[in-house]
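4 protein chains.
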Amino acid sequence: MAEHKRIGILTSGGDCAGLNAVVRAVVRRAVGTYGWEVLGIQQATLGLLANPAKVLSLDIKTVDSWLTAGGTYLGTTNTGNPFAFPMEDGTLRDRSEEIINAYHQLGLNALIGIGGDGSMAILRKLAQQGNWNLVGIPKTIDNDVGITERSIGFDTAVNIATEALDRLHFTAASHSRVMILEVMGRDAGHIAISAGIAGGADIILIPEIPYSIERLCQKLKEWQRRGKNYALIIVAESVPNVDGEHITSTNTAGQCRLGGVGQYLADQICSRNIAETRVTVLGHIQRGGIPSPLDRLTASAFGVAAVDLIAAEQYDQLVTWQNRMVKSEPIANAIAQYHCVDPDGTLIKTARGLGIYLGE
Amino acid sequence: MAEHKRIGILTSGGDCAGLNAVVRAVVRRAVGTYGWEVLGIQQATLGLLANPAKVLSLDIKTVDSWLTAGGTYLGTTNTGNPFAFPMEDGTLRDRSEEIINAYHQLGLNALIGIGGDGSMAILRKLAQQGNWNLVGIPKTIDNDVGITERSIGFDTAVNIATEALDRLHFTAASHSRVMILEVMGRDAGHIAISAGIAGGADIILIPEIPYSIERLCQKLKEWQRRGKNYALIIVAESVPNVDGEHITSTNTAGQCRLGGVGQYLADQICSRNIAETRVTVLGHIQRGGIPSPLDRLTASAFGVAAVDLIAAEQYDQLVTWQNRMVKSEPIANAIAQYHCVDPDGTLIKTARGLGIYLGE
Amino acid sequence: MAEHKRIGILTSGGDCAGLNAVVRAVVRRAVGTYGWEVLGIQQATLGLLANPAKVLSLDIKTVDSWLTAGGTYLGTTNTGNPFAFPMEDGTLRDRSEEIINAYHQLGLNALIGIGGDGSMAILRKLAQQGNWNLVGIPKTIDNDVGITERSIGFDTAVNIATEALDRLHFTAASHSRVMILEVMGRDAGHIAISAGIAGGADIILIPEIPYSIERLCQKLKEWQRRGKNYALIIVAESVPNVDGEHITSTNTAGQCRLGGVGQYLADQICSRNIAETRVTVLGHIQRGGIPSPLDRLTASAFGVAAVDLIAAEQYDQLVTWQNRMVKSEPIANAIAQYHCVDPDGTLIKTARGLGIYLGE
Amino acid sequence: MAEHKRIGILTSGGDCAGLNAVVRAVVRRAVGTYGWEVLGIQQATLGLLANPAKVLSLDIKTVDSWLTAGGTYLGTTNTGNPFAFPMEDGTLRDRSEEIINAYHQLGLNALIGIGGDGSMAILRKLAQQGNWNLVGIPKTIDNDVGITERSIGFDTAVNIATEALDRLHFTAASHSRVMILEVMGRDAGHIAISAGIAGGADIILIPEIPYSIERLCQKLKEWQRRGKNYALIIVAESVPNVDGEHITSTNTAGQCRLGGVGQYLADQICSRNIAETRVTVLGHIQRGGIPSPLDRLTASAFGVAAVDLIAAEQYDQLVTWQNRMVKSEPIANAIAQYHCVDPDGTLIKTARGLGIYLGE
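Residue numbers (my numbering), protein chains in the order written: chain A, 1057 to 1416; chain B, 1057 to 1416; chain C, 1057 to 1416; chain D, 1057 to 1416.
Calculated from the structure, these hints are not laboratory results.
Where hints are given, some of them may not hold.
Copies of the same chain look alike in the list, so a pair counts if it works inside one copy or between any two.
[Claimed, not checked] Think about it this way: if two alpha-carbon atoms lie no more than 27 Å apart in a straight line, the pair counts; the simulated BS3-like pairs of lysine-lysine are:
| no. | residue 1 | residue 2 |
| --- | --- | --- |
| 1 | 1117 | 1277 |
| 2 | 1284 | 1110 |
| 3 | 1405 | 1275 |
| 4 | 1284 | 1405 |
| 5 | 1383 | 1275 |
| 6 | 1117 | 1275 |
| 7 | 1117 | 1061 |
Sequences and hints are given; from them, build the entire structure.
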């Protein structure tokens, strides 16, 4: 039995389905098996900035219903870089020392950070600088943390986007229309390519492959000539065209503009009189939702494994899913390379093999 | 046993969930019980305009899987008023005579038209003028055909909008944000009020009640002061403000603009620095989807009843659901009054009783 | 504004989806609008029997997440008739006086009881005898409270049973099998008839219509001769055959036997070498589950209306849904007649009209 | 471009979700990309036994809606071993030669067989003996083909079982009951362990770990003493106890007995007066259902890859999913070892780490 510890846990970056299930697993393992204390830190590093720190003491009863709850009860933020924190007067200030100190003031023996690669980089910098014992758990609906085959939240997001395509399919066919579904994925098109294949899209546009609007419209016309009188397009929120231009939706921090690229495609298709076209912007619906069984399973496995790493005093590690097993990797290695959709990988080959048009 | 008949069936106006289930029930009753012929007319009156008419012979085997299929396999159109038909040269022409003749050329004894109040008015005019035997079945995701307690497609649309609110709830709470969901309902707010109550919205804006953006923003601030740091808003696609202005999304025929009123609200809330705000435009996802069990049940009951009306040679009738029973009403009566959300009805009382803000 | 009150609320009888949504609506209306107190009484009348009574003080924050939660957080019991209470020594004792007194000791001005017709009869007897101010809200997955068009929990139960048929349909067809789904409904077949129509069953057996196993098997053989090589049967948990025999599953209080009638049908079909046959016993899955949007809407409307009845000091009333409105009826009238499936009603006509075999 | 080919495809063994999606992908790749012919062979090897063989010519239009359809439109059988075929007179006969000849009479260049390890062994024997060009695709809701990380149908089955637990959780808690869910998995407990973790089960019983009914009941009593007044048990259809006894449900070929082990556990718990207990036998609901997005994605990838193996004339291979990629392995290797739940693997560690009781 490992010696007594007090550990903290926080969720950082955009929320997604399965975060609460990780926290539940951490508490059941740490409190239930090892008899430790677990402190839930609210709103990521903002909770450490607050003085006194905003924390919840988490016991097994508290997290009883957290397995199936979407979002994060601990709250999160995706503003507020500790090293360049936006102050009320408009300046940016380095507040890392305050945050680092809060860890020690709370008497933590270790911290579990759940986040994407951006959050991991920041947390690791804090850990290095402040002598924290850090264990990371990957979550990202974008599936862009490459070292791990699974990240919390991705399966649920793909399910939601696929369901939307299923629904649009019916109405597209009924009205002989082009239906466009805009999904998340600013730098990596994993949601679009996975949901596009699973949901029977005719055209998939992802950040990794520049598209030509002219050739896309020609493809629609060619299909019409062959008797296919409707089409489903799934498009990531930011995709470049072959001339290097990005029309980007910015349904993101600090702004609230929507319908950039989806609306642009619709305008282009309409203006060429190809077909009636409708746009759906799925937005944050992709982040919410009850976690899928797979996300709950992964979340549970990651939570237990993170606590076991702490029990073994193996720090600066990211928990990963590789080859049917939970493993771990040094955080620095794990986030060294951004994970785009592999142009020679199985998903792209599958899409092409099915006759899906990728916009080139 | 009624004498042999050949009947036609068509789906008109915007598609929705449950249309195919109606057709299946009509075929099972007309072919299975009575031994009649059923012709499915494609793309509503456009199928009668085609020469020869575009029709499918429908037998029980054909419609075997139609119970659970969304949209309409017969196709539909919501352009193409027969009395003012848009010609290629840009003019409008009265083509009602061609359409009327097609009914007789097909040797139809009766026609079942599935549509909303607009479609019913047009079909009835054709029937009157052309001596058709018409039976109508109400479908509308807007639930605006007032004589009947149920219309095909409404329950499914409410389910989909509610599910979207459920998902947004998680992410709104996680990030302390205002989430806006824009749903359909140009003239009647039934989807917004029903899904808003069922999905736990904090604010519901419907066409029937003008809102004040100032008071809405004050309400958000008041909630924040009391510690409620996020909010869910559901808004119909076209709602007037107290000054009589409409900011309308026009994700509709002939155009493809989205995010009108939802985006407008977000801009107003953001510009007052109240909270980060995100918009989802649900769009045609509301129309698609596998029909809910209730929509399938209603569709099945309506289809059987419509055939029985024809067997009894009772025409010019709209099938209705009233007081747990399928009944029928003369079409003219049934569509005489447009059915808005009743400001003194149970839904509005319930919303107010729950503390939901209606924007006034 | 009505004068200050302290009201109690309890859930009685079998649990179902939507109970927590009623409680939430009651609290939001009573506390939020009127500023009253609400006490949640745990495990129905068992909570009043406990000394001191087992109650939870319910405020708006407590019930925040109760809209979408299945079951009942207040707990319930379907044992324990207060007038013949099973004691540990095996005797039955009248404990109504203790229960009645608890109401007065708690200082309640009124009590909202959520239950089926059995619970309503008991609660009303207590209210009459003990001078309680009682308002009832109907809940029953069996839909057997006849005065109201909707009861909490029924729509969700039908959805779950229909979804099960949808799934069985695929595997029945793939393997050319007979699939039997056993659902709840001891005395009324509403779930079976509604889900059977909505889910495309070929045979529906309900308590209201005795079936002949011989004719049922002949029907299966007849269909096989005509090329239909699989069938879906939905059967209520207790149905009589034409000889007046009941084969009943008793997945009920105090016992735990399952698969009575479903298994019996399978045995009969197998023993005649008609087809491979498989049985699914849906069991309590029908009671659980996230409430459907319709159940949440009805629950919300009923909760608000019940509080308004108390504000108007109208007691001994059951809240009802009639003709698109929430109304109320004296409890005695409301439960005077048990509500079976009407043999001449729309559902039976629809089932027959679709060619569904009802077993006669 | 590979030379012209005519390929056959069949689905063998128990049906599951995603089979039709494989066929669709095969047709889109083989017909759409390569211009080949595809013949769908009905009811597995029974379709080859029929004279002339029962086959469907499959083009892209035919399979248009097959992506989301559960079961198998080609039909299947899990009786009828070609080497010991049950004849009408009760004898078993070797009919492999007829089957082998049918392949050649149909002029097939290759055959894609979709099945589990049992089907693969039989198909491979036929291929070896009859000089067939065989490519295999793994499907099994039991997830027991060990070489591949994914098999068609497993993800959907886990989703359905998890959803059932989610629903039972509510009603278990409301009534303070023990709820038992019996799921499939005769020799491998993958569904039970995965759904049990994802659905928050308290006890998971799988074939790989013998359980003690005494200790199980003691565990329930211990939880009760600590205030946990309900429990969820998920149990595979056949699990041994520590004395080596199996109580098995035989909802399987040629028989139709249900509720063996689930009912047994309930009887044991009831007879010890521990708690009211209810049983749900999920049965074939696990096989049916719309395939999950993950199953559709895997099915699509496998279908494309199988055709590409044929284009490359690489036969006697099983398509697999390994390390995020579709690969392939010689069939003999791929099925050499039966894949049980690894007692030292991540799933068992996770279950124990969460405090789930495994019955020992």
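Each hint tested on the structure:
1. 1117 - 1277: between (59 Å within a copy, 19 Å between copies)
2. 1284 - 1110: Between. Shortest inter-copy distance 17 Å satisfies the 27 Å Cα cut-off; intra-copy 57 Å does not.
3. 1405 - 1275: For residue 1405 and residue 1275, only the intra-copy Cα distance (19 Å) is at most 27 Å; the inter-copy one is 50 Å.
4. 1284 - 1405: within (23 Å within a copy, 40 Å between copies)
5. 1383 - 1275: neither (45 Å within a copy, 31 Å between copies)
6. 1117 - 1275: between (57 Å within a copy, 18 Å between copies)
7. 1117 - 1061: within (19 Å within a copy, 33 Å between copies)
Hint 5 from the list above is the single one not met by this structure.
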